[in-house]
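Visitor: Below are the chains, spelled out letter by letter.
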Amino acid sequence: MKKKRSVRRVNSVTSSRKEPLESLLRKDGLRLDGRGLDDLRPIRMEVGVLDNADGSAYIEHGRNKIVAAVYGPRELHPKHLALPDKALVRCEYRMATFSVEERKSPAPGRREVELSKVIRESLEPAIFVYKYPRATIDIFIQILQADGGTRCAGVTAAALALADAGVPMRDLVVGCAVGKIEGKVAVDLSDVEDKLGDGDMPIALMPTKKVITLLQCDGNLTPEEFKQALEKGIVACEKIYEMQRDVLIERYSKVRDEVTEEQREEEE
Amino acid sequence: MVGSSEITSAIEREHISSLLTHGKRIDDRGIFEFRNIEIDVSPVEKAEGSAQVILGGTRVVAGVKVEIGSPFSDTPNKGVLTCNAELTPIASPFFESGPPDEQTVEIARVVDRGIRESKAVDLEKLVLIPGEKVHVCFVDIYVLDYDGNLFDASEIAATVALMSAKIPEIEVNEDTGELTVLDKKQLLPLNNIPVSATFAKINGVLVLDPCLKEERVQDARITMTSTQEGNICAFQKGGIGTITMEDIDTVIEVIKEKAEPVRDLIREVTKEAREEI
Numbered sequence: 079m080k081k082k083r084s085v086r087r088v089n090s091v092t093s094s095r096k097e098p099l100e101s102l103l104r105k106d107g108l109r110l111d112g113r114g115l116d117d118l119r120p121i122r123m124e125v126g127v128l129d130n131a132d133g134s135a136y137i138e139h140g141r142n143k144i145v146a147a148v149y150g151p152r153e154l155h156p157k158h159l160a161l162p163d164k165a166l167v168r169c170e171y172r173m174a175t176f177s178v179e180e181r182k183s184p185a186p187g188r189r190e191v192e193l194s195k196v197i198r199e200s201l202e203p204a205i206f207v208y209k210y211p212r213a214t215i216d217i218f219i220q221i222l223q224a225d226g227g228t229r230c231a232g233v234t235a236a237a238l239a240l241a242d243a244g245v246p247m248r249d250l251v252v253g254c255a256v257g258k259i260e261g262k263v264a265v266d267l268s269d270v271e272d273k274l275g276d277g278d279m280p281i282a283l284m285p286t287k288k289v290i291t292l293l294q295c296d297g298n299l300t301p302e303e304f305k306q307a308l309e310k311g312i313v314a315c316e317k318i319y320e321m322q323r324d325v326l327i328e329r330y331s332k333v334r335d336e337v338t339e340e341q342r343e344e345e346e
Numbered sequence: 005m006v007g008s009s010e011i012t013s014a015i016e017r018e019h020i021s022s023l024l025t026h027g028k029r030i031d032d033r034g035i036f037e038f039r040n041i042e043i044d045v046s047p048v049e050k051a052e053g054s055a056q057v058i059l060g061g062t063r064v065v066a067g068v069k070v071e072i073g074s075p076f077s078d079t080p081n082k083g084v085l086t087c088n089a090e091l092t093p094i095a096s097p098f099f100e101s102g103p104p105d106e107q108t109v110e111i112a113r114v115v116d117r118g119i120r121e122s123k124a125v126d127l128e129k130l131v132l133i134p135g136e137k138v139h140v141c142f143v144d145i146y147v148l149d150y151d152g153n154l155f156d157a158s159e160i161a162a163t164v165a166l167m168s169a170k171i172p173e174i175e176v177n178e179d180t181g182e183l184t185v186l187d188k189k190q191l192l193p194l195n196n197i198p199v200s201a202t203f204a205k206i207n208g209v210l211v212l213d214p215c216l217k218e219e220r221v222q223d224a225r226i227t228m229t230s231t232q233e234g235n236i237c238a239f240q241k242g243g244i245g246t247i248t249m250e251d252i253d254t255v256i257e258v259i260k261e262k263a264e265p266v267r268d269l270i271r272e273v274t275k276e277a278r279e280e281i
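Chains as they are written, first to last, in our numbering: chain A, 79 to 346; chain B, 5 to 281.
Because the hints were derived from the structure by calculation, they are not lab data. On a predicted model such as this, the values are computed, not experimentally measured, just so you know. Certain hints may be false.
Facing chain A, from chain B, some residues (calculated, C-beta under 10 Å) [unchecked claim]:
{"id": "1", "residue": "S77"}
{"id": "2", "residue": "A112"}
{"id": "3", "residue": "G118"}
{"id": "4", "residue": "S230"}
{"id": "5", "residue": "E233"}
{"id": "6", "residue": "I244"}
{"id": "7", "residue": "E261"}
Cut-off 20 Å, straight-line C-alpha distance, at most; resulting in silico cross-link-like pairs (EDC-like, lysine to aspartate or glutamate) [stated by the list, open to error]:
{"id": "8", "chain 1": "A", "residue 1": "K310", "chain 2": "B", "residue 2": "D253"}
{"id": "9", "chain 1": "B", "residue 1": "K82", "chain 2": "B", "residue 2": "D126"}
{"id": "10", "chain 1": "A", "residue 1": "K195", "chain 2": "B", "residue 2": "E100"}
{"id": "11", "chain 1": "A", "residue 1": "K305", "chain 2": "B", "residue 2": "E233"}
{"id": "12", "chain 1": "A", "residue 1": "K262", "chain 2": "B", "residue 2": "E233"}
{"id": "13", "chain 1": "A", "residue 1": "K195", "chain 2": "B", "residue 2": "D223"}
{"id": "14", "chain 1": "A", "residue 1": "K287", "chain 2": "B", "residue 2": "D251"}
{"id": "15", "chain 1": "B", "residue 1": "K260", "chain 2": "A", "residue 2": "E260"}
{"id": "16", "chain 1": "A", "residue 1": "K288", "chain 2": "B", "residue 2": "D253"}
{"id": "17", "chain 1": "A", "residue 1": "K195", "chain 2": "B", "residue 2": "E250"}
{"id": "18", "chain 1": "A", "residue 1": "K305", "chain 2": "B", "residue 2": "E257"}
{"id": "19", "chain 1": "A", "residue 1": "K287", "chain 2": "B", "residue 2": "D253"}
{"id": "20", "chain 1": "A", "residue 1": "K287", "chain 2": "B", "residue 2": "E250"}
{"id": "21", "chain 1": "A", "residue 1": "K164", "chain 2": "B", "residue 2": "D223"}
{"id": "22", "chain 1": "A", "residue 1": "K287", "chain 2": "B", "residue 2": "D223"}
{"id": "23", "chain 1": "B", "residue 1": "K262", "chain 2": "A", "residue 2": "E302"}
{"id": "24", "chain 1": "A", "residue 1": "K288", "chain 2": "B", "residue 2": "D223"}
{"id": "25", "chain 1": "A", "residue 1": "K195", "chain 2": "B", "residue 2": "E90"}
{"id": "26", "chain 1": "B", "residue 1": "K82", "chain 2": "A", "residue 2": "D276"}
{"id": "27", "chain 1": "A", "residue 1": "K273", "chain 2": "B", "residue 2": "D126"}
{"id": "28", "chain 1": "B", "residue 1": "K123", "chain 2": "A", "residue 2": "E309"}
{"id": "29", "chain 1": "A", "residue 1": "K310", "chain 2": "B", "residue 2": "E250"}
{"id": "30", "chain 1": "A", "residue 1": "K305", "chain 2": "B", "residue 2": "E250"}
{"id": "31", "chain 1": "B", "residue 1": "K123", "chain 2": "A", "residue 2": "E260"}
{"id": "32", "chain 1": "A", "residue 1": "K288", "chain 2": "B", "residue 2": "E250"}
{"id": "33", "chain 1": "A", "residue 1": "K209", "chain 2": "B", "residue 2": "D223"}
Built from N, CA and C at the ideal position, the CB exists for glycine as well.
Required output: the full structure, derived from the provided sequences and hints.
Guide: Next comes the structure, spelled out in structure tokens:
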């Protein structure tokens with residue numbers, strides 16, 4: 079995505095010295111980081127990483143490093159915002175000043191405002207909001223390091239944090255971006271591929287029902303490429319979903335073991 | 005999409021959605037039919053380019069101001085384009101004064117994306133002295149009446165304003181780098197005419213160009229922008245509903261058919277202004 083703020087932060091001295099990239103694909107057809115077109119970057123997730131938030135998660139997706147925290151359902155302030163029939167879901171996506179090449183202004187820019195909105199709209203369909211009238215569920219996403227596809231990795235982390243907070247959900251939500259580089263559809267664009275490629279399509283999905291909750295696109299794609307990208311994106315999301323589920327199971331089977339251990343000790 | 009102060013009755017929701025199950029709409033339009041589009045070119049003389057677009061009951065004015073400024077450091081060989089939207093109480097009791105809210109930011113950024121990614125404005129031709137002086141285009145969109153679908157009304161208004169814009173020719177003194185503003189005017193260098201189509205998804209049914217009543221009951225919103233070659237240059241899903249692959253197929257099919265008449269209309273209304281030079 080061509081965003082105004084990010085444009086400013088690129089250091090003109092280094093970028094003018096660098097040789098301009100000839101191609102985003104190597105001679106062997108692989109991408110600059112050695113991946114095939116359908117390969118994801120390495121992903122690592124962790125649940126329950128913060129002490130004070132009701133739920134939290136940390137994700138490393140490529141070189142993206144993102145923390146997500148969830149509070150609620152809890153009392154809503156200011157009260158006039160309360161919805162009579164359902165919980166208000168709020169979401170804040172923020173980039174750390176040091177998360178990018180050149181320091182970003184700490185004030186939230188237009189990009190962050192838009193991304194907060196689309197991320198919220200991607201997560202809310204999964205939450206049983208009608209169970210908690212007049213309450214709020216607050217989601218905070220902090221990008222510590224950005225490397226392309228932060229909103230999607232942020233969605234993946236935020237869904238884990240929601241689950242960790244015990245918020246009742248229909249499904250997890252998982253995000254992944256697809257794009258077009260050198261005229262070819264490629265999965266999970268890195269920063270440089272996003273900037274120099276021909277298109278970027280962030281996707282978020284509720285994988286069990288296979289419904290799309292976030293979809294954006296910029297670039298220049300034929301209708302066929304658009305559909306192909308979407309299909310590949312859905313497959314990629316499903317792969318990440320497996321990891322998401324595993325990390326939750328791992329975390330809570332540990333909790334379960336601890337609890338049963340304690341119970342056994344008490345009984346003895 | 006609308007302020008928290010607005011309450012839509014369940015009856016209205018049911019009414020609209022039961023009409024849709026019979027393929028009918030609250031204003032008797034076809035499911036994939038735009039409302040009447042009226043375009044007024046250059047209503048504001050002091051702006052380099054301007055347009056008023058009336059889309060059914062929605063009315064927006066877009067103006068283009070062009071200044072000379074510095075390029076962004078990582079794009080020294082490109083001019084600058086920025087889009088901004090203003091949704092003030094003038095257009096609706098549900099809009100509030102103050103800094104732009106997320107709805108405003110989203111509209112501005114989706115319109116910006118359509119223009120930028122279709123390469124409607126040839127930014128490389130806006131350079132005066134590479135790395136130092138470029139034309140900076142500000143596209144500002146003011147909503148005057150809000151009756152749904154601000155995205156498409158704004159996209160048309162911004163495009164027409166850019167297409168009708170006339171900027172002074174600038175002479176660059178190669179030796180001193182001095183700029184002289186000439187009396188002669190020129191058009192902005194343009195490459196494409198993006199057209200967006202916005203859909204509301206109501207109870208599983210997609211409708212094109214939702215009016216306010218439909219927008220108030222929509223579960224999800226889809227905006228797709230196409231280039232004159234029929235490619236997709238921008239897409240944005242909004243709202244807390246979900247969308248499916250079938251929805252995307254429908255949207256792609258509809259935009260193939262519905263974008264071209266709008267593009268023709270834009271060409272027709274801007275023809276006179278563009279031929280004056």
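Visitor: Determine for every hint whether it applies to the structure shown.
Guide: The hints, checked one at a time:
1. S77: holds, 4 Å
2. A112: Holds, because the Cβ-Cβ distance from A112/B to chain A comes to roughly 7 Å (cut-off 10 Å).
3. G118: holds, 9 Å
4. S230: Holds, because the Cβ-Cβ distance from S230/B to chain A comes to roughly 9 Å (cut-off 10 Å).
5. E233: holds, 8 Å
6. I244: holds, 4 Å
7. E261: violated, 12 Å
8. K310/A with D253/B: holds, 15 Å
9. K82/B with D126/B: holds, 9 Å
10. K195/A with E100/B: holds, 18 Å
11. K305/A with E233/B: Roughly 17 Å between the alpha carbons, so the hint for K305/A and E233/B holds.
12. K262/A with E233/B: Status holds; Cα separation ~18 Å.
13. K195/A with D223/B: holds, 15 Å
14. K287/A with D251/B: It holds: about 15 Å lies between the C-alpha atoms, which stays within 20 Å.
15. K260/B with E260/A: violated, 25 Å
16. K288/A with D253/B: holds, 15 Å
17. K195/A with E250/B: violated, 24 Å
18. K305/A with E257/B: Roughly 12 Å separates the two Cα atoms, so the pair holds.
19. K287/A with D253/B: holds, 18 Å
20. K287/A with E250/B: The given pair, whose Cα atoms are some 14 Å apart, holds under the 20 Å limit.
21. K164/A with D223/B: With Cα atoms ~15 Å apart, K164/A and D223/B stay inside 20 Å; holds.
22. K287/A with D223/B: holds, 17 Å
23. K262/B with E302/A: holds, 18 Å
24. K288/A with D223/B: holds, 17 Å
25. K195/A with E90/B: Between K195/A and E90/B the Cα gap is close to 18 Å, so the pair holds against 20 Å.
26. K82/B with D276/A: Distance ~17 Å between K82/B and D276/A Cα, so the pair holds.
27. K273/A with D126/B: holds, 18 Å
28. K123/B with E309/A: Violated. K123/B to E309/A sits at ~26 Å, over the 20 Å cutoff.
29. K310/A with E250/B: holds, 16 Å
30. K305/A with E250/B: holds, 10 Å
31. K123/B with E260/A: holds, 18 Å
32. K288/A with E250/B: This hinted pair holds, its Cα atoms lying about 12 Å apart.
33. K209/A with D223/B: holds, 19 Å
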